[in-house]
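Starting from the given sequences, assemble the full structure and let the hints guide the process.
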Amino acid sequence: MIETKKLRKSFHNGNVETEILKGIDFHVGRGEFVAIMGRSGAGKSTLMYQMSLLDEPTSGEVIINGGHNAAKMSNDEKTLFRLTRLGYVFQDYALIPELNALENVALPLLMQDIPWKKAYTQAEEALKRVGLETHMGQLPSQLSGGEQQRVSISRAIAHKPDILFADEPTANLDNESSRIILEIFQELHKAGQTIIMVTHEPEYGKMAQKIVHLDDGMITGVTRN
Amino acid sequence: MAVRQIKRSSKWTTGLIIAVMILTSLNLIVVSGILVGLIQGAIDAVRTHYTSDVIISTLKNKSYIENSPEVMSVIDKIPEIEGVTARYLKGGTLEANYKTRVKETDKPNTAAGTIVGIDPTAEDKITDLSKFVVEGSYLDANDYDQVLIGSFLVKKYLPIESPGFSALDNIEPGTKIRINIGDIQREVTVKGIVKSKVDEISLRVFMVDSQFRSIIGRNDYNVSEIAAKLKPGTNPEVVRDALKRNGVDTVAKVQTYTDAQPKFIKDLVATFALLGNMISSIGLVVASITIFIVIFINAITRRKFIGILKGIGINGKAIEISYVFQSIFYALIGSVIGIVIVYALLQPFIAAHPINFPFSDGILVAPVSGTLARIALLIFTTIVAGYIPARMIVRKNTLDSILGRK
Chain F
1 MIETKKLRKS FHNGNVETEI LKGIDFHVGR GEFVAIMGRS GAGKSTLMYQ
51 MSLLDEPTSG EVIINGGHNA AKMSNDEKTL FRLTRLGYVF QDYALIPELN
101 ALENVALPLL MQDIPWKKAY TQAEEALKRV GLETHMGQLP SQLSGGEQQR
151 VSISRAIAHK PDILFADEPT ANLDNESSRI ILEIFQELHK AGQTIIMVTH
201 EPEYGKMAQK IVHLDDGMIT GVTRN
Chain Z
1001 MAVRQIKRSS KWTTGLIIAV MILTSLNLIV VSGILVGLIQ GAIDAVRTHY
1051 TSDVIISTLK NKSYIENSPE VMSVIDKIPE IEGVTARYLK GGTLEANYKT
1101 RVKETDKPNT AAGTIVGIDP TAEDKITDLS KFVVEGSYLD ANDYDQVLIG
1151 SFLVKKYLPI ESPGFSALDN IEPGTKIRIN IGDIQREVTV KGIVKSKVDE
1201 ISLRVFMVDS QFRSIIGRND YNVSEIAAKL KPGTNPEVVR DALKRNGVDT
1251 VAKVQTYTDA QPKFIKDLVA TFALLGNMIS SIGLVVASIT IFIVIFINAI
1301 TRRKFIGILK GIGINGKAIE ISYVFQSIFY ALIGSVIGIV IVYALLQPFI
1351 AAHPINFPFS DGILVAPVSG TLARIALLIF TTIVAGYIPA RMIVRKNTLD
1401 SILGRK
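Just so you know, the protein sequences line up as chains F and Z, in that order. At position 188 of the first sequence the residue is numbered 188 (our numbering), and the sequence of numbers has no breaks. To convert, take the position in the second sequence, counting from 1, and add 1000; that gives our numbering.
Heads up, some of the hints might be wrong.
What the simulated footprint calls covered on chain F by chain Z, stretch by stretch (three residues with Cβ under 8 angstroms from a Cβ of chain Z suffice, anywhere in the stretch; the number is not a length) [claimed, not checked]:
1. 74-84
2. 103-114
3. 203-216
Pairs of lysine-lysine residues, derived as DSS-like cross-links and limited to a Cα-Cα distance of at most 25 angstroms, are as follows [unchecked claim]:
4. Z:Lys1317 <-> F:Lys78
5. F:Lys72 <-> F:Lys117
6. Z:Lys1131 <-> Z:Lys1231
7. Z:Lys1197 <-> Z:Lys1156
8. Z:Lys1231 <-> F:Lys72
9. Z:Lys1125 <-> F:Lys78
10. Z:Lys1396 <-> F:Lys72
11. Z:Lys1197 <-> Z:Lys1125
12. Z:Lys1396 <-> F:Lys78
13. Z:Lys1317 <-> F:Lys117
14. F:Lys118 <-> Z:Lys1317
None of these hints come from the bench; they were simulated from the model. All C-beta atoms in this analysis are idealised placements derived from N, C-alpha and C, irrespective of residue type, glycine included.
Right, dumping it as structure tokens:
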């Protein structure tokens, strides 16, 4: 489904070069639910940004679905690929404050030129999947943190992406809300969704099918649950 | 998204931006409109109260139009002409204290002006002369030895002490004055004083044409000026050309009211229009900066969301367009309200109550084509002013925007 080959990422601060990812070889199969774990600064999020085409590695390759090599894609192609094939759940929900829950979910669908009615039907279905059928008309400011994250998940899955990326999706949530979010991920996984989640909470990592341990920019081990 | 942003943004902010756009559109239309209208008011007044639509006057070096009765008969045959007023003109002086001046060295109370013989009824029909009587009353066809005197010849209306210019002091209706035309002297009574912003009225002395003819010994009915009023909708150039075709231009100068305008008036109109545009352009710059700041602040405070939108695959162009749409919305709403204010309120109001400038009754000149061009300029400017900051923010690295990195 997605694999990285000798993936490296460095940042420059003046003349000082800091290598965050030191040649990651990594593979996630179709339908897998993988948690990337590690201490702060281990490079978890940086790895996810490279894999999800939000950033460009210093060297190495990201290959999605066997044929799409990120290094060979233009910026516009990456943007379109992210819109149609990938889904994102961010730590701080990242909803558009002026749009209500339904509009937030429908927006990426409309941008894919899906007809208005069909896009809204799909958005409604996605919100129903996360139990927010009664909150569709509410603005993000009228929703709790957990509800906002569920809207964010709905937005990420509404177009049935190949891979769902989640960057610390429970970091800003209380235990109960976090549990609900993870349960949603598990249900999506059962339905065949490929999920790659970054977390530093061992408890939530255990809910994934596979845990990739990262330390100092290198994979130090893979655990299967 | 842009619609939602506008709908759900602060009503005060939206109101303020639209208010700036309204003021800018008014500035664009009204400032130059008033400046041009200041001159246009004077031009209109000269047309309405002096030249009318077509003016026939003497050729150079002639003091009257030869064969005036024949010219009048030509005029009578042109159906587009609604009416005419013929004027006999002679330069002369006026003297007020000729009875009380004891010594030769006493300062004479005199003024120089043009004495005009008119048919009071025809003149009033064509130029509304009676409207300008500020003291006394208008002439009657049967008046004898009675004159209307222009206010610029009366000191209390034009208190200027200039070596080359003098006006009559202590003049009011009923005062007897002496008119000197060449060697001819005539004592007349001031029946009224006429005051107008049209110099050709305020610098003249009017008396009934029949008596004037007898004073100057003009028995051939040759006049010096004929002002012709046309039927509504008639192009003055058509009538001018018809008069020329009938040979009137061999004995007189035939001009439309625009032909009769001195070149400096045309230059003045162009100058004021340019001046108005220059002043308006300052407003345009202010509006552009306002929109730039509003969109820039909006975009920079939403940089993270813009990054997220790009992150989830929304094309940067679509985000830029949403900001441009907002700019167009503000400019369009402001302009429409501005146009309504101009055409529904200001223009009719100023037309009914002209601005009292010292030398003209100023109107608001706002031709639709000019207004639309200015509004198009405003909208174009705001599009650019909205696009630039949006582009600046959208171009930033997606991940840096999402993570709030500089």
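Tested hints:
Residue count for the region 74-84 of chain F with a Cβ under 8 angstroms from a Cβ of chain Z: 7. That meets the three needed, and the coverage hint holds. Counting residues of the region 103-114 of chain F whose C-beta lies closer than 8 angstroms to any C-beta of chain Z gives 4; at least three are required, and the coverage claim holds. For the region 203-216 of chain F, the stated coverage by chain Z is not satisfied: 0 residues place a CB nearer than 8 angstroms to a CB of that chain, which falls below the threshold of 3. A threshold of 25 angstroms between alpha carbons decides the hint, and for Lys1317 of chain Z with Lys78 of chain F the separation of about 15 angstroms falls inside it, so the pair holds.
For a cut-off of 25 angstroms, the pair hint linking Lys72 of chain F to Lys117 of chain F is broken: about 35 angstroms separates their Cα positions. Straight-line distance between C-alpha atoms of Lys1131 of chain Z and Lys1231 of chain Z comes to about 21 angstroms, which keeps the hinted pair within the 25 angstroms bound. Distance check on the hinted pair: Lys1197 of chain Z and Lys1156 of chain Z sit about 16 angstroms apart at the alpha-carbon level, within 25 angstroms; holds. A hinted pair counts as satisfied when its Cα atoms are at most 25 angstroms apart, and Lys1231 of chain Z with Lys72 of chain F does not qualify at roughly 78 angstroms.
Proposed proximity of Lys1125 of chain Z and Lys78 of chain F is contradicted: the alpha carbons are some 81 angstroms apart, above 25 angstroms. Taken as a hint, the Lys1396 of chain Z and Lys72 of chain F pair is honoured in the structure, with Cα atoms around 22 angstroms apart against an allowance of 25 angstroms. A threshold of 25 angstroms between alpha carbons decides the hint, and for Lys1197 of chain Z with Lys1125 of chain Z the separation of about 19 angstroms falls inside it, so the pair holds. With a C-alpha separation of about 16 angstroms, the suggested pairing of Lys1396 of chain Z with Lys78 of chain F holds against the 25 angstroms cut-off.
Distance restraint check for Lys1317 of chain Z and Lys117 of chain F: the Cα-Cα separation of roughly 24 angstroms lies within the 25 angstroms cut-off, and the hinted pair is therefore satisfied. Annotation: proposed proximity of Lys118 of chain F to Lys1317 of chain Z holds, straight-line Cα distance about 24 angstroms (limit 25 angstroms).
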